[in-house]
Amino acid sequence: MPVNISRRRFLGLAAAAGVVAVAGVPLLKKEASSAEEGPKARYALIIDTIKCTGCGACIEACRLRNKLPEGLSYIRRIVKGNERNRWFLMVQCQHCAKPPCATVCPTNATYRREDGVVLIDERLCVGCRYCMQACPYQARVYDEERGVADKCWLCLPWVLGGGLPACVEACIPGARIFGRADDPQSEVAQLIASGRAKPLHPEFGTEPSILFYIMQEE
Amino acid sequence: MQTAWGWLVAIYLFLGGLSAGSLLIAVLFEFYKDRERHDFFPITLAGATVSGPLLILGTLLLIFDLGAGRREPWRIFFLFANFSSAMTWGVWLLTSFIPVSLLYGFLEFLDIFPKARQWLKDRRWLRWTSFLWNLPLRRTKRIFAGVGAVLAIGVATYTGVLLSAVGPAIPFWSTPLFPGVHFPLMPLLFLVSALSTADALTVDIIATLFAGGRFPYSRRTHLIHLALIIAEALLISHLLLHAFGEGGAAAESARQIVLGQHAPVFWIFIILLAIVFPLVGHIYAAGLGWHMLVSGLSSGISILLSGLFLRYLILVSGVPAFL
Chain A
16 MPVNISRRRF LGLAAAAGVV AVAGVPLLKK EASSAEEGPK ARYALIIDTI
66 KCTGCGACIE ACRLRNKLPE GLSYIRRIVK GNERNRWFLM VQCQHCAKPP
116 CATVCPTNAT YRREDGVVLI DERLCVGCRY CMQACPYQAR VYDEERGVAD
166 KCWLCLPWVL GGGLPACVEA CIPGARIFGR ADDPQSEVAQ LIASGRAKPL
216 HPEFGTEPSI LFYIMQEE
Chain B
19 MQTAWGWLVA IYLFLGGLSA GSLLIAVLFE FYKDRERHDF FPITLAGATV
69 SGPLLILGTL LLIFDLGAGR REPWRIFFLF ANFSSAMTWG VWLLTSFIPV
119 SLLYGFLEFL DIFPKARQWL KDRRWLRWTS FLWNLPLRRT KRIFAGVGAV
169 LAIGVATYTG VLLSAVGPAI PFWSTPLFPG VHFPLMPLLF LVSALSTADA
219 LTVDIIATLF AGGRFPYSRR THLIHLALII AEALLISHLL LHAFGEGGAA
269 AESARQIVLG QHAPVFWIFI ILLAIVFPLV GHIYAAGLGW HMLVSGLSSG
319 ISILLSGLFL RYLILVSGVP AFL
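Chains A and B are the protein sequences, given in the same order.
Numbering-wise, the first sequence is residues 16 to 233 according to the working numbering.
Numbering-wise, the second sequence is residues 19 to 341 according to the working numbering.
Calculated from the structure, these hints are not laboratory results.
Using N, Cα and C, we set each Cβ at its ideal position, and we do this for glycine too.
Heads up, some of the hints might be wrong.
Derived CB-CB ranges, DEER-like [what the hints assert, rightly or not]:
#1 B:Ser102 x A:Glu129: 13 to 23 Å
#2 A:Glu129 x B:Leu341: 26 to 36 Å
#3 B:Leu227 x A:Ile93: 48 to 58 Å
#4 B:Leu150 x A:Leu83: 50 to 60 Å
#5 B:Gly24 x A:Ile93: 22 to 32 Å
#6 A:Arg128 x B:Pro91: 25 to 35 Å
#7 A:Lys55 x B:Ala281: 25 to 35 Å
#8 A:Gly178 x B:Ser102: 30 to 40 Å
#9 A:Lys95 x B:Ser114: 41 to 51 Å
Sequences and hints are given; from them, build the entire structure.
Here it is, written out as structure tokens:
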């Protein structure tokens with residue numbers, strides 16, 4: 016027997032369902048975020064270009080830890096200066112507060128965690144490589160084998176377990192300093208507060224929030 | 019020089035512009051006052067019917083260019099998700115434009131070939147569509163033409179928005195239209211090029227082949243095309259001059275185009291085939307009032323070829339910001 020439902024009643028029910036659905040979304044979101052909530056750390060990785068010898072140990076350590084194929088690494092070396100004074104700029108994901116890669120990512124595969132680390136959800140990535148174009152630091156690499164864009168993830172599982180990113184562990188001259196910027200006693204917090212460690216190319220407007228550099232005088 | 023996007027994306031950008039432009043040209047003629055007096059009109063027929071298939075081809079190329087999305091095609095549905103991404107806007111535009119342009123092309127085909135309409139009407143297995151045949155064909159077609167035209171402007175400009183949205187990462191792509199104003203040049207350049215290439219396909223080639231180049235308003239059409247070619251030349255020179263003036267990565271892009279490794283493509287395919295040669299052909303056609311077979315075909319083919327190379331050139335010369 017068909018259920019008789021008047022048009023007015025149907026519209027009323029539909030409207031009620033809509034209200035419940037709309038109101039429910041923020042509740043669900045809140046629940047999801049509160050489950051992840053821990054102590055809100057703020058990490059900082061400072062690269063001292065005065066100490067850096069450009070040996071490339073960080074590049075190789077990154078490649079090994081992340082099991083990347085030969086020749087691929089999340090860190091890239093740029094040679095700067097002139098013949099008399101050559102120095103090296105090691106570039107990787109700057110973990111921007113306003114990441115353009117996340118803005119342009121059509122699938123929302125790129126996202127920023129509460130603690131500022133920018134990550135990629137590999138399951139959502141289609142491999143369109145738009146993020147590679149939009150990153151002014153050219154910090155993205157493309158993994159042909161998996162067909163997804165990839166980048167530095169600050170070795171997050173190691174860091175959350177109390178360890179260090181591979182590049183920091185491997186740095187021979189000790190040019191990489193890693194720590195928590197939210198702890199005022201830490202070396203990184205003091206370097207940032209003193210103004211010696213600065214974000215790279217702030218004029219890009221992406222507000223790098225984890226990587227800082229102590230720059231050579233040019 | 020960026021290496022993430024190559025020929026497949028260049029062909030897609032070209033086909034997207036050509037498809038949207040073809041529909042716009044068809045719609046322009048569709049709404050001329052005395053269009054109804056002509057039973058056979060090759061420009062509207064060609065423009066409306068090629069638009070959908072060209073964009074489908076372009077979209078397939080784009081999907082083929084994907085990484086994980088090609089191997090696991092269901093991931094393509096994720097592309098609709100991020101409304102702050104220019105690529106998501108494009109995906110929505112494509113999915114709405116393709117059916118509209120296909121339907122408009124089909125209705126235009128039925129309008130021009132009444133025998134085909136009759137044949138379809140007589141099919142027994144299509145009897146359930148009888149209510150559709152009572153609709154006024156012209157008016158229904160014009161509704162799709164209007165909606166299609168709005169979407170087509172979106173599709174043609176969006177290919178430029180896609181590139182300029184990368185902002186400071188590739189300064190050449192985000193060159194502003196006016197110095198100091200935050201409004202990019204690339205969408206306008208791509209729209210003008212889209213109209214010019216579509217004009218080359220529908221008017222210079224198809225109309226010359228099937229109507230001997232003589233159709234109503236042909237002189238005015240050639241004058242408009244002349245204006246499009248001049249506008250494209252002005253936009254390209256503005257783009258290069260601004261890039262040289264800006265210095266840094268943008269100047270390096272311009273240097274590669276004018277003097278560097280891409281100079282052969284630029285001087286042959288852009289200066290010669292996109293500007294000088296069609297300019298001569300269209301001054302001739304506008305003076306005469308119609309295209310001769312040789313001038314129509316040659317300038318049409320050169321504009322089409324140069325439209326493809328313009329996309330390619332802009333893609334390969336995208337030098338990332340210096341660090």
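Right, here's what the structure says about each hint:
1. B:Ser102 x A:Glu129: 13 to 23 Å: holds, 19 Å
2. A:Glu129 x B:Leu341: 26 to 36 Å: holds, 28 Å
3. B:Leu227 x A:Ile93: 48 to 58 Å: holds, 54 Å
4. B:Leu150 x A:Leu83: 50 to 60 Å: holds, 57 Å
5. B:Gly24 x A:Ile93: 22 to 32 Å: holds, 24 Å
6. A:Arg128 x B:Pro91: 25 to 35 Å: holds, 29 Å
7. A:Lys55 x B:Ala281: 25 to 35 Å: violated, 54 Å
8. A:Gly178 x B:Ser102: 30 to 40 Å: holds, 34 Å
9. A:Lys95 x B:Ser114: 41 to 51 Å: At 48 Å between Cβs, range holds.
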